[in-house]
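Asker: Letter by letter, the chains look like this.
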Amino acid sequence: MTGVDIWIDSIISGLLLGLVYGLAAIGLNLIWGVMKVINLSHGAFIALGMITIWLLYTSFGVFPYAGILVVLLIGLILGIITYFSALHRVINAPELSTLLSTFSVSLIIIGFGTFIFKTNPKALDFSMGAIEIGSIVILGTKVATGVISILFTALLYVFLYKTRMGKAIRAVSMNRTAAELMGINSNITLALSFGIGISLAMVAGALIATIFPFTILSGGGYELKSFVICVLGGLGSPLGALVGGLTLGLIENIVTLQIPTSYVPVLEFALLVVILVLKPTGLLGGK
Amino acid sequence: MSILLGGWMKRYIIVLLLVAILIAGCAQQETTTQKPQAPQETPAQSEKPSETKEKILIGFSESKTGKLNAESKEQTNGFKLWMEHVNAEGGIYVKELGKKVMVDFVSYDDESSGERVQQIYAKLISEDGADFLISPYSSGLTASAAIIAEQYSKIMVATGAASDSIFNKGYMHVFQIYTPSSRYLTSSIDLLAKKFPSAKKIAIVYENSKFARDVAESTKEYAKSKGYEIVLYEAYEPGTSDFTSFINKILAASPDAIVGGGHFTDGETFAKQLYEKKVKVKFVSLLVAPSVPEFSEIGSAALYVSGPSQWEPQAKYTKEAAEKAGVEFYGPTVEEFVNAYKSKYGYEPGYHAAGGYAAGLILQKAIETAGSLDSEKVRSALENMKIMTFFGMIEFEKGEYYGRQVGHDMVVIQWQGDELHKEVVWPEEGASSEVVAYDAKY
Numbered sequence: 068m069t070g071v072d073i074w075i076d077s078i079i080s081g082l083l084l085g086l087v088y089g090l091a092a093i094g095l096n097l098i099w100g101v102m103k104v105i106n107l108s109h110g111a112f113i114a115l116g117m118i119t120i121w122l123l124y125t126s127f128g129v130f131p132y133a134g135i136l137v138v139l140l141i142g143l144i145l146g147i148i149t150y151f152s153a154l155h156r157v158i159n160a161p162e163l164s165t166l167l168s169t170f171s172v173s174l175i176i177i178g179f180g181t182f183i184f185k186t187n188p189k190a191l192d193f194s195m196g197a198i199e200i201g202s203i204v205i206l207g208t209k210v211a212t213g214v215i216s217i218l219f220t221a222l223l224y225v226f227l228y229k230t231r232m233g234k235a236i237r238a239v240s241m242n243r244t245a246a247e248l249m250g251i252n253s254n255i256t257l258a259l260s261f262g263i264g265i266s267l268a269m270v271a272g273a274l275i276a277t278i279f280p281f282t283i284l285s286g287g288g289y290e291l292k293s294f295v296i297c298v299l300g301g302l303g304s305p306l307g308a309l310v311g312g313l314t315l316g317l318i319e320n321i322v323t324l325q326i327p328t329s330y331v332p333v334l335e336f337a338l339l340v341v342i343l344v345l346k347p348t349g350l351l352g353g354k
Numbered sequence: 003m004s005i006l007l008g009g010w011m012k013r014y015i016i017v018l019l020l021v022a023i024l025i026a027g028c029a030q031q032e033t034t035t036q037k038p039q040a041p042q043e044t045p046a047q048s049e050k051p052s053e054t055k056e057k058i059l060i061g062f063s064e065s066k067t068g069k070l071n072a073e074s075k076e077q078t079n080g081f082k083l084w085m086e087h088v089n090a091e092g093g094i095y096v097k098e099l100g101k102k103v104m105v106d107f108v109s110y111d112d113e114s115s116g117e118r119v120q121q122i123y124a125k126l127i128s129e130d131g132a133d134f135l136i137s138p139y140s141s142g143l144t145a146s147a148a149i150i151a152e153q154y155s156k157i158m159v160a161t162g163a164a165s166d167s168i169f170n171k172g173y174m175h176v177f178q179i180y181t182p183s184s185r186y187l188t189s190s191i192d193l194l195a196k197k198f199p200s201a202k203k204i205a206i207v208y209e210n211s212k213f214a215r216d217v218a219e220s221t222k223e224y225a226k227s228k229g230y231e232i233v234l235y236e237a238y239e240p241g242t243s244d245f246t247s248f249i250n251k252i253l254a255a256s257p258d259a260i261v262g263g264g265h266f267t268d269g270e271t272f273a274k275q276l277y278e279k280k281v282k283v284k285f286v287s288l289l290v291a292p293s294v295p296e297f298s299e300i301g302s303a304a305l306y307v308s309g310p311s312q313w314e315p316q317a318k319y320t321k322e323a324a325e326k327a328g329v330e331f332y333g334p335t336v337e338e339f340v341n342a343y344k345s346k347y348g349y350e351p352g353y354h355a356a357g358g359y360a361a362g363l364i365l366q367k368a369i370e371t372a373g374s375l376d377s378e379k380v381r382s383a384l385e386n387m388k389i390m391t392f393f394g395m396i397e398f399e400k401g402e403y404y405g406r407q408v409g410h411d412m413v414v415i416q417w418q419g420d421e422l423h424k425e426v427v428w429p430e431e432g433a434s435s436e437v438v439a440y441d442a443k444y
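In the order they appear, the protein sequences are chains H and Z. Sequential numbering of the first sequence, starting at 68, is according to this note's numbering. Sequential numbering of the second sequence, starting at 3, is according to this note's numbering.
Incorrect hints may appear among the rest.
Stated by the list, open to error - With a straight-line cut-off of 27 Å between C-alpha atoms, the simulated DSS-like cross-links for lysine-lysine are:
(1) Lys171(Z) to Lys197(Z)
(2) Lys196(Z) to Lys222(Z)
(3) Lys185(H) to Lys69(Z)
(4) Lys189(H) to Lys400(Z)
(5) Lys75(Z) to Lys202(Z)
(6) Lys102(Z) to Lys400(Z)
(7) Lys66(Z) to Lys344(Z)
(8) Lys202(Z) to Lys443(Z)
(9) Lys400(Z) to Lys388(Z)
(10) Lys212(Z) to Lys189(H)
(11) Lys103(H) to Lys189(H)
(12) Lys344(Z) to Lys189(H)
(13) Lys367(Z) to Lys388(Z)
(14) Lys222(Z) to Lys82(Z)
(15) Lys443(Z) to Lys185(H)
(16) Lys185(H) to Lys226(Z)
(17) Lys185(H) to Lys212(Z)
(18) Lys282(Z) to Lys171(Z)
(19) Lys69(Z) to Lys189(H)
(20) Lys171(Z) to Lys388(Z)
Stated by the list, open to error - Some chain Z residues flagged as far from chain H (calculated, every beta-carbon gap over 10 Å):
(21) Asn170
(22) Thr246
(23) Ala254
(24) Gly401
(25) Tyr404
Keep in mind that the hints were calculated from the coordinates and are not lab data. Every residue gets a Cβ at the ideal spot worked out from N, C-alpha and C, and that includes glycine.
The following block holds chain H by itself, in its conformation from the complex (with noise of 0.2 Å):
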């Protein structure tokens, strides 16, 4: 395998990986825009989502794509219930209510799952082959998860564009007073954006265990690499996010060929730091 040809596949590899860390970040950057809350069950919901659609496949024989859709519902109805018992009565109180709220959800799913599914690793065993360009391998499970996050994020571009409720969403984050006043359902609205931010980072977590192994536990290592994204690319702009995941994605994929891979996280974490001071907006923020 020639040099150019590594550099190629690392890139393709990088670009397809950033998708998906993008999509999930997506999910905590839209609960942070809309209600202020940062998310700290996010890495948790990441591993239910891994978690549920390794259950649909070995229970129940759903094809992981297909299942994908039925994630999103369940995402869609658990962020829902997280967010009139856990968040609704405390959305209006100091930040750190809202951590500990969010971070006690983490506690519970990650407890009862540990219990349920205990902590040994498991594995979509299902290939989708893979594309060969001369010497360049890309795995199909690979290609279908980076397609597959696209569509997501374009999905909810769509949706909070052009959809009156997607509006709302957009009007709820701008000024929630004023949202009110127009007679928007905040209520309804917020419990709505936790949902679609859970349903994304299930989705995501969903992808991410169709290329790689996962135990309940693994949901950690991707909300701080979704933490690092949401600052990259600017907290509150989902197209942001899309593009420090690629960041990220990249920077794994491609500078590791330089350097030995277990500086990477040291090289993200600087990079955080970094446009925290330079451009705390993030790449892509506006205000």
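Knowing the structure of chain H, use the given hints to seat chain Z on it.
Answerer: Just chain Z now, with coordinates in the frame of chain H:
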């Protein structure tokens, strides 16, 4: 007033909560620390007149509870099988006494805890009057037990313990059965040299954990000394699930062989992704994962992946092999051991069980050679021992790492065949099948 307080109270409660969470977290990590009771009793009972010796008492601790339970049970099973065999023959012949002496054992549950181990071994020696000791399972517990054995100058046969660091403490009474971790992958390098002489470049990719790092370090030195070029030497973090960047580096360095790994999950994932990316090398040898039966769940990705193992039921250590190597073969053959174990416990033994049996066997041989139950005489018999058993070669180091195993080699297993199964491909005298190049699978 109450509203004013309310705000403060809320923050106060939140701070309290956070402190509580922190405390809870810490408390979980601190396991119950029982004070070890210092062994006060003097070993007075060991002065029994040996002529009236009715039985040889062997003492050890086993992890009946705790995280080491499964492996420890196997080890004890193996030991008990040996004892059954010896006593069926009437015991061990001790020349000084002019008769065969039956073997008995005494053991306690160590709860997989190092502190318990020290109490137990002190008790075994001073109260129960054990003549010889066998180690608990695992390097950590054995290191604890070794201190006590040495203090009382009792022979301890260490099985289920691969660490090198137990043996550079100047102990003169601890003898290791397992291949030490510094040589875990060196047999894979030997295999490479013999079977794939055209191979020149090696990539070492290992998990960033103490065990794997130690193994990788000594493998690197060994491979270099054999004239290999190490084209990649890199660690991955425990829990890594995405090996893409490592595999791209491997492809860029185009090695002839890949060695390394760490534990089961990462090793399995690594093997799977190597296959998905169609990495073409002659030889892949990974720690731990390939020797575990579940490794076959990754299907054709497992094919022709090799890995070191302390022992396998397919190993062909025979009288002929011993003759070829110019040493004595002692004890049952591999088949005899495997069949006896199967009929007693109902399943095929793994290396933990074999190690337990071998520990008893080595002790038996040393007592017979010494013709005595005296610790120092048995020690010198062990020191000069060089035999082959069903477990492999046994010989102990006399130098800086006194008692460390130097004879026993890791066998190298390889997954072969349409219906994936393990074959022993190294060492040559114990091989059950010829090694196949890894890239023959594509």
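Asker: Evaluate each hint against the coordinates.
Answerer: Each hint tested on the structure:
1. Lys171(Z) to Lys197(Z): Given that 27 Å is the threshold and the Cα spacing comes to 37 Å, the pair is violated.
2. Lys196(Z) to Lys222(Z): holds, 18 Å
3. Lys185(H) to Lys69(Z): Measuring from Cα to Cα gives roughly 15 Å; hence the hint holds.
4. Lys189(H) to Lys400(Z): Judged against 27 Å, a Cα distance of about 46 Å means the pair is violated.
5. Lys75(Z) to Lys202(Z): Given pair Lys75(Z), Lys202(Z) is violated - Cα atoms ~43 Å apart, limit 27 Å.
6. Lys102(Z) to Lys400(Z): Status violated; Cα separation ~30 Å.
7. Lys66(Z) to Lys344(Z): The given pair, whose Cα atoms are some 21 Å apart, holds under the 27 Å limit.
8. Lys202(Z) to Lys443(Z): holds, 21 Å
9. Lys400(Z) to Lys388(Z): Holds - the C-alpha atoms of Lys388(Z) and Lys400(Z) are around 12 Å apart, at most 27 Å.
10. Lys212(Z) to Lys189(H): holds, 25 Å
11. Lys103(H) to Lys189(H): violated, 34 Å
12. Lys344(Z) to Lys189(H): The hint is violated at about 31 Å.
13. Lys367(Z) to Lys388(Z): The given pair, whose Cα atoms are some 11 Å apart, holds under the 27 Å limit.
14. Lys222(Z) to Lys82(Z): Not satisfied, since the Cα-Cα distance of roughly 39 Å exceeds 27 Å.
15. Lys443(Z) to Lys185(H): Violated, because 34 Å separates the two Cα atoms, which is more than 27 Å.
16. Lys185(H) to Lys226(Z): Distance ~42 Å between Lys185(H) and Lys226(Z) Cα, so the pair is violated.
17. Lys185(H) to Lys212(Z): Since the Cα atoms of Lys185(H) and Lys212(Z) sit roughly 25 Å apart, the hinted pair holds (cutoff 27 Å).
18. Lys282(Z) to Lys171(Z): Violated, at roughly 44 Å.
19. Lys69(Z) to Lys189(H): Holds. Lys69(Z) to Lys189(H) sits at ~21 Å (cutoff 27 Å).
20. Lys171(Z) to Lys388(Z): holds, 23 Å
21. Asn170: Since the minimum Cβ distance to chain H is about 29 Å, Asn170(Z) lies beyond 10 Å and the statement holds.
22. Thr246: violated, 5 Å
23. Ala254: violated, 5 Å
24. Gly401: It holds; Gly401(Z) is separated from chain H by about 36 Å at its closest Cβ, greater than 10 Å.
25. Tyr404: holds, 37 Å
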